[in-house]
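In the order they appear, the protein sequences are chains D and A.
Quick note on numbering: the first sequence equals residues 1 to 839 in the numbering used here.
Quick note on numbering: the second sequence equals residues 840 to 1283 in the numbering used here.
What the hints contain is simulated information worked out from the structure, not anything from laboratory work.
Positions of the beta carbon are idealized from the N, C-alpha and C atoms, including for glycine.
Take these hints with a grain of salt, some might be off.
As the list claims (entries may be wrong) - Chain A regions said to be covered by chain D (calculated; three or more residues, Cβ under 8 Å):
#1 840-846
#2 872-886
#3 1172-1184
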Amino acid sequence: MESLLVTTVEEDEDDDEIQPNLMDDESSDEDVDDEHHASLLSSITSLADQKHKKTHQRTVASADVSEYGFSKLYEKESQVNLSELVSSLNSSTSAGKLKKNIKTIEQEKVADVPLVKPQQERLTRSIAYQAKTEEISKWQPLVQKNRKAEQLTFPLQQPNLSLKTSDEMTKRFQARTPLEREIAMLLHGSDYVEKQTKMLTPAEERALKAMSLEEAKERRAELNKYRALMTYSEAKFRRQKKIKSKRFHKILRKEKLKKEEKELDVLQKTDPESYLEKIEYADRARVEERMSLKHRGGSKFARKKMMYARYDPLARQAVQDMIEKNKELTKKHYESSDEDEDGDVSMDDDAEFRMLSAALDAKGDNPWMKAPTKSSDFVRPKKITQVKKNTEASDSEEEEVLTFHPDNMNTDKNLLELEAQRQKKLKLKNKTQNVEVFDMSNIDSSGKEQQEFDEDKVDGDENDELEKKLSKSLKEEELVTPGKKGRKKKKKNHKSGEEKTTDVSEDKKDVEDLFNILENVEKRHAKNKKTKKETKLKANSKSSVESNKEENCELEVNNDEELSHSMTRKRTMEEYESNWAEEEDKTPAKVKKQENSEESSQAPNIKMVSIDPKKLFTIGPEVIKSTDGAEIVTNEDGDNMLDVEEEQRMTIAQAFADDDVIEEFKLEKREIVDQDKPKDIDLVLPGWGEWGGADIEPSKKKKKRFTIRQKNRVKRKDSKMANVILHEKKDDAVAQHQVKQLPRQFLNTKQFEQSISQPIGNTWNPEKAFHRMIQPKVVTQLGSIIKPMDKEEMFKKQKLNKKAGADFNKNVPKKNQDKNKSRKDIKNIKKKVINRKRK
Amino acid sequence: MKIKCLSRNPDDFLRETKRDIHKVPRNYDPKLHPFEAPREYVRALNAAKLERVFAKPFLGSLDGHRDSVSVIRKHPTSLSLLLSGAYDGEVRVWNITKRNCVKSVQAHDGLVNGVCGHPNGEYIFSVGADKQIKQWNITVDGDLQDQPKSTILGRSVFQDIDHHGKDNFFATCGVGVNIWDEERTEPIRYFTWGVDSIHHVKFNPVETNILGAAASDRSILLYDMRGSTPLRKVILKLRSNAISWNPMEAFIFTVANEDYNCYTFDMRKLSIPLNVHRDHVAAVMDVDYSPTGKEFVTAGYDHCLRIFKLDQGHSREVYHTKRMHRVHTVCWSLDDKYIMSGSEEMNIRLWKARAWEKLGTLKSRESTALQYNDKLKTKFGNHPQVRRILKHRHVSKMIFHNTREIRKIREAAKKREQNRMENSKIGTVQYTSERESHVIGEKE
């Protein structure tokens, strides 16, 4: 082996050649020769010198520079396998540990040979560079944004100088003092405090949960109902408030009082203490009123009003109001209620009644003079009484005027007033005449009728006959419209009548009759009212009841006449209706007739045959057109001989038949030539050196002398070209200022021209637009350091967003990771299985 | 009878005081203004002329150095302070507003290769040919202590130094790039890529861990401070002298090259520059971005400064004086208003960033008028007359002739290329764009 070593050291390059020889030598080494041995020894002795020499010798690097032949390791034939080495182990039973180790070694995968260093470095560099480019690419959107920005103001990160909003302040607030803490506890701990994120407080939510849907619906419906009722009542009160009638309001007030009294009665029974209190209060008010002269002409205001009362109706009214007030206040409430209970007619009521009746009768004596005679005994000034009289008279007169208009009967004023009276009197009657009341309830027709009825009664049962008639008529009415309440007025009745007509269309005549009756009744009612008024008038004039009666009769007659008139009118209306109906019936017939007329062209009776002249005219051309079309069609179909081209030529020739293009061009050219020709300059001054005037022309001689003649220029370039116009006027001065190439940022010339033609100066633009347009692209401030973009600042927001996103997506990547893991596991297992199989 | 008559409120048409501006009622109907465009054109012409009238960029020079200025750097927190280093090893601090030298120290033996300030503005670093890194305390007024706060002795010459934008790290270059922690005297990281001598290094101001460096093997290198290896290398045809990162666009940087051009690169695609900026007629020595990131200024070996817009191939401005020699270094002030240049003839010069701009406060009407004029200039900038006026610059004879010569050379080369293409088999001679032609290759 040593010789081997020597030879390899000696001859490096031809190692391969020598080695097999050596191997042969080795094989023949068994018979050791002395010679050989000697030579070996000599060679060893000479080794030291040679070695010294060889160390200085440079050798070329090669894969198989090895004394032990390790280079052969890579050659397959010489490779020694582990299995070969340890094959003996299989037979032996000992050395189990070693066996195990070998097994594990066999199973383990051998790592790849590491790359050469430069390659390795290149890889790491490229990987690092990739990572860095990716990292730096996140600036791209920001950079793009800044490049495209209309305006950039540097430094980019401006300090935030804005004031903090209250919201921000509250966020920063911390409760420190005990009081603050307590309040905070209340604010944040309570269920009744609203939170920003939720619509409802916890308490509200609980309440909502507690209530079922049906209940809620019910409750809502109820609430709606109440709301509706409230609106109705509101509307009612508003309407009532608008009513100008004083009387109505007076009555209302009275009613109110009555109600209060009733309530008092109830109170007396239920709650005597409060009742006493109320009584006391009323008493006190009464006493005070009696003490003072406030409402009795004692005050300065009252005295003044009394003075003006003669001339001013408003003042008059004021005085009256005052007196009313006085009366009200000085009335003894509890006594009357007591008497009411007893069932006797109370004094106050009686007085009131009298007063009202007087007011209605307007018998000259003032009601407010009469009424308080019992309660108060002060003497009123005469002036006012007179005034009152006058007012009453005027009122009545007005009413008179009103009554003669049948429409006015419907006015609320009268109605309400009368209704109020009716109610009053009903009470009276309740006490006096029960039978009558029964009748009333039976009749129960329009309020007016009842009023009249009552009124008549009150007046003293004088119009018995009239009443009977009325009742009769009413009954008739009831027969006609049994379900209807009689409160409806004339118009309403009309309506009902109409409805009837629609319902019962078969027997028109009967219905019409009924209508007549109804209308009669209505009219009578109206007349009755009139009569009532009339009676009032009569009362004023203090005429007898009989005369009244007579008058009534007379009026009745009149009424009848009037009614008949109205009936005729009505009938005409109905006639119209019926006419319409008839027309409707007739129209189909007419149509038929028209149809017939087309055939027969007779029927002179029919006026409605509509022959539109226009139609007649339009039909003609259509027909002609159609014939034309047919002709054309035949042409197309039949004449295939005609060339398409020929046709086209013809059409073009037709189209340009009128305009001579060539001639036009010639003209154009001539014009241009003329324009470009230099013209003679006429410098003649008429009147210069000779006579001048309107009709005097300067002499030819002078003209000739003072006109500068232009010399003939160089011939035009296009003078010999008939079909060409060459413009010789090219303005070089302008060209100097014109842009020759389209600038880069524009797509086409049009765009560029537009950009130029759009001015930016404030001469042509409003100030704001101007300022917007001249904004500089980059704004910097003198003396402020512009720092480079700060990475943290710029990506602060993005980071926050990402964080939120990450929190949201946290589960997803985990799952993926798990999946990957499991995949890897599976792969490993598979590999193992494969390895085993190979084994 | 009611008589209708005109009644006007004097308030509508009279001014209250003499200084009020007359309220001019106007009808903006375009039909009434048929000559809008021509009138604006005339205004634009006038604006262009006025711009040239007011274009006086040179503000003053700071003299005091006794040798050529090798480097000038901005003070990171103060607008009025300027740091400079010279070939005689002197470091000076200047007050720009007062135009005086606040302090000068003999910092190094041999030239000062680099100066930079700490972002908090409390101390500065300088490297010199004497293999030393020196840290100096600096006051708010710019006063330096006579002795450095600390000194690090390196194994080789440091060619340049730059400070990390935020943290207490700085980088030096020379043989490879070293990253230093301020606390330690040994570099925390050492980057090499083969055998290279790097003469310029610059931190990215936005992505503060990335560095760019220019090496003398004509390559530009990118590093990540946190990594163990450089990121990438791109080799140009000639050596790059300086590199500057855009402070508003993190991945954009520009290099000043020996071949008279500047190249703007996107860090993510180094195989081809985004833009080739050319106008210099000699090597470009230094480049610095405006803090707005829209423009940059270059220092040329051809005795002039040029201002380029980021997206334009030609300079918008050239600054030169009769006495200014080769400009070694340049920087753009942090408020975007001034430019400082240090040149061979020992002077530091102060320029306006926009030559025609009026400095100081402006009345609102004045500023409106100026803005309007600016807008007009851009609007009518393509019209030949306006363009001619705006483009016209008076340059030195040398630049003028050299420009012409270079143009001729370029045209000839182009022609040659075209001829070659025309007279050779189709496909054998490929057309290479101007941008492609300057890059030799990108190394991973």
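Structure-based check of all given hints:
Counting residues of the stretch 840-846 of chain A whose CB lies closer than 8 Å to any CB of chain D gives 0, which falls below the minimum of 3, so the coverage claim is violated. Closer than 8 Å: that is the beta-carbon criterion, and the stretch 872-886 of chain A has 7 residues meeting it against chain D, so the requirement of 3 holds. Coverage of the stretch 1172-1184 of chain A by chain D holds in this model, with 4 residues showing a Cβ closer than 8 Å to a Cβ of that chain against a need of three.
This entry does not satisfy hint 1, going by the numbered hints stated previously; all others are met.
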